[in-house]
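Hey, can you work out the whole structure from these sequences and the hints?
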Amino acid sequence: MSTSTAPAAGPPRFPFSAVVGHDDLRLALLLNAVHPGVGGVLVRGEKGTAKSTAVRALAALLPSHAVVEACRFGCDPAAPDPSCPDGPHPAGAAGGPRPARLVELPVGATEDRLVGSLDLEKALSEGRRAYQPGLLADAHRGVLYVDEVNLLHDHLVDLLLDAAAMGRAHVERDGVSVSHAARFLLVGTMNPEEGELRPQLLDRFGLTVEVRASRDVDTRVEVTRRRMAFEDDPAGFVARFAPDETATAARLRAAQAHVSAVAVSDRELRRIAFVCARFDVDGMRADLVITRAAAAHAAWEGRDAVTADDVRVAARLALPHRRRRDPFDEPGLDPAELDRALADAEDHLGPEDDPDPDDDPDPGGPGPDDPAEPQDGPDGPDAGEEPDDADRTGDTPPAGGDPRGDGGTGAGERAEAPGSDGTDGGDGGDDATDPATPGDDRAPETAEAPAGGDGGDGRAVVVGDAARLHRATVRKFTVPGLGAGAPGRRSRARTDAGRVVRPSGAGATRAADLHLPATVLAAAPHQAGRGRRGPGLLVHRDDLRRAEREGREGNLVLFVVDASGSMAARRRMTAVSGAVLGLLRDAYQRRDKVGLVTFRAREAELALPPTSSVPTAQQRLSRLRTGGRTPLAGGLLKARAVLDAERRRDPRRRPLVVLLTDGRATVAARDGGDPVADSRRAAGLLAADGVHTVVVDCEAGHVRLGLAAPLAAAAGGELVTLDELTADSVGDLVRETRSARAA
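In this text, residue positions in the sequence shown follow the numbering used here: the first is -16, and each later residue adds one.
Treat the hints with care, as some may be off.
DEER-style ranges, computed between Cβ atoms [what the hints assert, rightly or not]:
| id | residue 1 | residue 2 | range |
| --- | --- | --- | --- |
| 1 | Ser162 | Pro508 | 35 to 41 angstroms |
| 2 | Gly266 | Gly79 | 41 to 47 angstroms |
| 3 | Arg323 | Ala196 | 26 to 32 angstroms |
| 4 | Ala148 | Leu465 | 31 to 37 angstroms |
| 5 | Ala660 | Glu701 | 20 to 26 angstroms |
| 6 | Pro634 | Ala230 | 49 to 55 angstroms |
| 7 | Asp479 | Ala148 | 21 to 27 angstroms |
| 8 | Ser162 | Val90 | 24 to 30 angstroms |
| 9 | Pro71 | Arg250 | 43 to 49 angstroms |
| 10 | Arg323 | Pro634 | 48 to 54 angstroms |
| 11 | Pro(-5) | Ser162 | 34 to 40 angstroms |
| 12 | Asp199 | Glu531 | 54 to 60 angstroms |
| 13 | Asp141 | Glu531 | 22 to 28 angstroms |
| 14 | Gly667 | Pro500 | 43 to 49 angstroms |
Computed list of lysine to aspartate or glutamate pairs in EDC-like fashion (alpha-carbon distance at most 16 angstroms, straight line) [unchecked claim]:
| id | residue 1 | residue 2 |
| --- | --- | --- |
| 15 | Lys30 | Glu177 |
| 16 | Lys30 | Glu176 |
| 17 | Lys459 | Asp706 |
| 18 | Lys459 | Glu701 |
| 19 | Lys30 | Glu193 |
| 20 | Lys30 | Glu131 |
| 21 | Lys459 | Glu707 |
The set of hints was computed from the structure by calculation and includes no laboratory data. Note that CB positions come from ideal geometry on N, CA and C, so glycine has one too.
In structure tokens, the structure reads:
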């Protein structure tokens, strides 16, 4: 168990007051401590920015509290929990002081370690059902700290967020039904480079803070100086900041005692509602969090009532992560935009001395025609919102390409000259003279490279409608067989949490691992020999059978994208980009790692090393260069090398290759080789390595060579077309099958 208490019980901690900079981080932690109803703090930032240091230092500022003696759940003697599993405790039960605990939840924690479970040893040795508390019970009236919360299993994040919101933990498992108090300050830290939390989980955190290392030289020097001083003489450094720590702790206790008396006027409630409506946040959680955080800030500042300044501070911390409409949207809040919204709220409320809400016909906020409504946020107009009705019409092709099924070469493209290759100036003409590509009706590439681009070495793809296309739900591709259980929700795997499929041999050490029917069957034949006389079953450790569970795992999804001239027709590349974005979104939701290999001209490039940060893959895709010849074999060999390196680094995560190509190849893997034959041999090497490959056939036009099908056969994988990627087409196929069976 990773549990720590006051500084006196262990080595000195770096003082909270000695943390340099990070004013928002320290303020958010203090506001959550003043009013735990805020709902927790999520600290996002790059590595090495004192996130963990600040969180661990917070616990030393929290006041000690009295607990009932021998109560494992930390009940208050003055008001014990009536449903405490160790109770009931009589009124005025004996108790003693206990410092506020800091309980750390490790990334590898299991569900029974978090919420508790049946005490298996007591159940077997003493024949009684006993509950073993988990980390939620240990954290009661303290701080629960989750480092790298984005790497924690989603179901565990759900459990701890539910407990933080309700102040109680409910356990229904292993024949145990327990409910106990679990009021704690929840703090999570994460590095966005290692993957994002789902938007649904982001919203459950009350406040969020972005921390970055200062670029100011003097600040960085002071950080280094203080850290080295602490490491050289921890006790002396702590003593140096002891007066500041004492003053901060006293101010915190005063704010905690005063926060319940802070008044929040109707005017400020309307200001909060106006701002939340202006930023179009989902649900009412933002309104409640801002109200509580504003009251906490007023109490921290020693005020008796919430002011507009308190609302601004609270909104700045509560809104950034609630503006995401899509997994690819970056959380953030432009301070200037917040100031405009607050200024408009002031105009909306009217004079402070005569607020009359009845004068406003629209209390929910300005209407769509209100000229004060800001139309363009920091990311452009309607950033992060769903497409409007015009985007949902037939004018926008689905992620699979043109709705007519002609691969995007309808009437609008029939004037194209057959054989135009759309390549850049560097390799122009290579594909035009390629004997393997007769009758190609590719459109010329008309996308313009952005300023400061690649200097003519390749054109930057203009994704265009791909940002809307990726919102379509795509088919779920899985890796065959049974995996080892890397965290995720894609392919079948053996996992610690999941449905029980069969018993295995002996070795159950936890109640959650026990397969009860198989254990009873193993013990039953030995009852007479063990001298059983009563109704109870005599069970030995060798009888215990382990439950084998099956759940879902995350995979390494490696996209291998043909960016050559054979794929460079603008409309076709837009459809491919949309398909990749849809697949990326699916990978994000299923907690996969993703990588991106592109091939064009004469070589393949690892455009994105495997990462859990799927939005980073989207950014790389938006800068994808196109044009030139088609080194298909080189792209597959590059993918094989990437997978080999990743297999050594993360052997539990099985790979899934998604190859987007029309199957054409113009560059051989070796001098004098056949490009098409070499590409099929490279695909066979992937199959020999046990890699599952999905080939997305992107060929379009009136004349099709059908080269993707033999490539998929050589890889031993699946072949799908762009039209078959979206869930709509899959749903149509299911409905047609059902109709045929019914007929």
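Checklist entry - Taking the beta carbons of Ser162 and Val90, is their distance inside 24 to 30 angstroms? => result holds, 27 angstroms
Checklist entry - Taken at face value, is the distance from the CA of Glu176 to the CA of Lys30 at most 16 angstroms? => result Judged against 16 angstroms, a Cα distance of about 9 angstroms means the pair holds.
Checklist entry - Is the gap between the beta carbons of Pro71 and Arg250 within 43 to 49 angstroms? => result The hinted range 43 to 49 angstroms holds for Pro71 and Arg250, with Cβ atoms some 46 angstroms apart.
Next on the checklist: Checking one constraint from the list: CA of Lys459 to CA of Glu707, max 16 angstroms. Satisfied?
Outcome noted: holds, 11 angstroms
Item to check | Whether the CB-CB distance between Arg323 and Ala196 falls inside 26 to 32 angstroms | outcome: holds, 30 angstroms
Next on the checklist: Verify the CB-CB distance for Ala148 and Leu465 against the hinted window 31 to 37 angstroms.
Outcome noted: 36 angstroms Cβ-Cβ, so the 31 to 37 angstroms window holds.
Checklist entry - Does the Cβ pair Ala660, Glu701 satisfy 20 to 26 angstroms? => result holds, 22 angstroms
Next on the checklist: Assuming the hint says 34 to 40 angstroms, is it satisfied by the Cβ distance from Pro(-5) to Ser162 or not?
Outcome noted: Taking Cβ atoms as reference, Pro(-5) and Ser162 lie about 38 angstroms apart, which means the hint holds.
Checklist entry - Does the hinted range 41 to 47 angstroms hold for Gly266 and Gly79 at CB? => result Once the Cβ atoms are compared, 42 angstroms apart, the range 41 to 47 angstroms for Gly79 and Gly266 holds.
Item to check | Hint check for Glu531 and Asp141 - Cβ pair distance inside 22 to 28 angstroms | outcome: 24 angstroms Cβ-Cβ, so the 22 to 28 angstroms window holds.
Item to check | Cβ separation of Gly667 and Pro500, checked against the hinted range 43 to 49 angstroms | outcome: holds, 46 angstroms
Item to check | Outcome of range test on Cβ distance (Asp199, Glu531; 54 to 60 angstroms) | outcome: holds, 56 angstroms
In terms of the numbered hints stated before, the structure departs from none.
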